[in-house]
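Work the whole structure out from these sequences, hints included.
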Amino acid sequence: GAGVSQTPSNKVTEKGKYVELRCDPISGHTALYWYRQSLGQGPEFLIYFQGTGAADDSGLPNDRFFAVRPEGSVSTLKIQRTERGDSAVYLCASSRSGNQNEQFFGPGTRLTVL
Amino acid sequence: GIQVEQSPPDLILQEGANSTLRCNFSDSVNNLQWFHQNPWGQLINLFYIPSGTKQNGRLSATTVATERYSLLYISSSQTTDSGVYFCAVLYGNKLVFGAGTILRVKS
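Chains as they are written, first to last, in our numbering: chain A, 503 to 616; chain B, 2 to 108.
I should point out that these hints are in silico values taken from the structure, not numbers from a laboratory. Among the clues, some could well be false.
As the list claims (entries may be wrong) - Footprint (simulated), chain B over chain A, 3 or more residues, beta carbon under 8 Å:
1. 512-523
2. 562-571
Unchecked claim - Residues of chain A placed beyond 12 Å of chain B at every Cβ, according to the derived structure:
3. Thr509
4. Asp526
5. Gly530
6. Gln543
7. Val576
8. Arg583
9. Arg586
10. Gly587
11. Asp588
Just so you know, these numbers come straight off a predicted model, no measurement behind them. C-beta atoms are modelled at their ideal positions from N, C-alpha and C, and glycine is treated no differently.
See below:
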């Protein structure tokens, strides 16, 4: 079956602009996660959704970052007033339910802030 | 928070050789996953292994949760095994990743 999909695959923007990154999880998976991976490092947790609600947003670095999942399926990560330090690969993952299940990752969106 | 340490950081193998990658973690965890990140950046699931031993072809993994470590064994390595191997532990609601082991298999 289809895996986790993310769009766009690449996004180049200018400092100060607003960006939206989209994640489409595996069908039937109720849990969705966003991670960020900087060059040479492992992914770092940003936010976890169970259904429509953000169950844990403790990894969001500041209030410029926001994520939604209005219908419990597709999620959008929104970054306001982008900074050069936001440049990274943003990864989305989903799991069957809850937080005890195996997570499967999408291909990521590479964000470059000039 | 929890610390996840992987060793070695880099490994170069001749094709056909075997290797063992290690993951140590500093606290009790709910689960553990091993991933291979290919050159295009895709994280590929290798094992979901909270405890015990699993095998999948040339790969196998063992987690000893009470001693807070996991091992990934690669036998008869191939050039396509090259990439970064990550261990990640489920801590609360999130996966916490180690820094990875960069594996290069030479033909």
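Against the structure, the hints come out as follows:
1. Counting residues of the region 512-523 of chain A whose CB falls under 8 Å from any CB of chain B gives 0; the rule of at least 3 is not met.
2. Requiring three or more residues with a Cβ within less than 8 Å of a Cβ of chain B, the coverage given for the region 562-571 of chain A is violated, as only 0 such residues are present.
3. Distance to chain B confirms A:Thr509 as a non-interface residue, since its nearest Cβ pair spans about 15 Å, more than 12 Å.
4. The beta carbon of A:Asp526 is kept farther than 12 Å from every beta carbon of chain B, the shortest such distance being approximately 16 Å.
5. Its beta-carbon lying about 17 Å from the closest one in chain B, A:Gly530 satisfies the requirement of being farther than 12 Å from that chain.
6. Annotated as non-interface, A:Gln543 brings its C-beta within 12 Å of a C-beta of chain B; the closest such distance is 6 Å.
7. At the 12 Å boundary, the C-beta of A:Val576 stays outside the reach of chain B, the nearest C-beta of that chain being 20 Å off.
8. At roughly 26 Å from the closest C-beta of chain B, the C-beta of A:Arg583 stays outside 12 Å, upholding its exclusion from the interface.
9. Non-interface status of A:Arg586 relative to chain B is upheld: no Cβ of that chain comes within 12 Å, the nearest being about 20 Å off.
10. Distance check on A:Gly587: its Cβ is at least 19 Å (rounded) from any Cβ of chain B, clearing the 12 Å threshold; non-interface status holds.
11. With a cut of 12 Å on Cβ distances, A:Asp588 stays outside the contact zone with chain B, its closest approach being about 17 Å.
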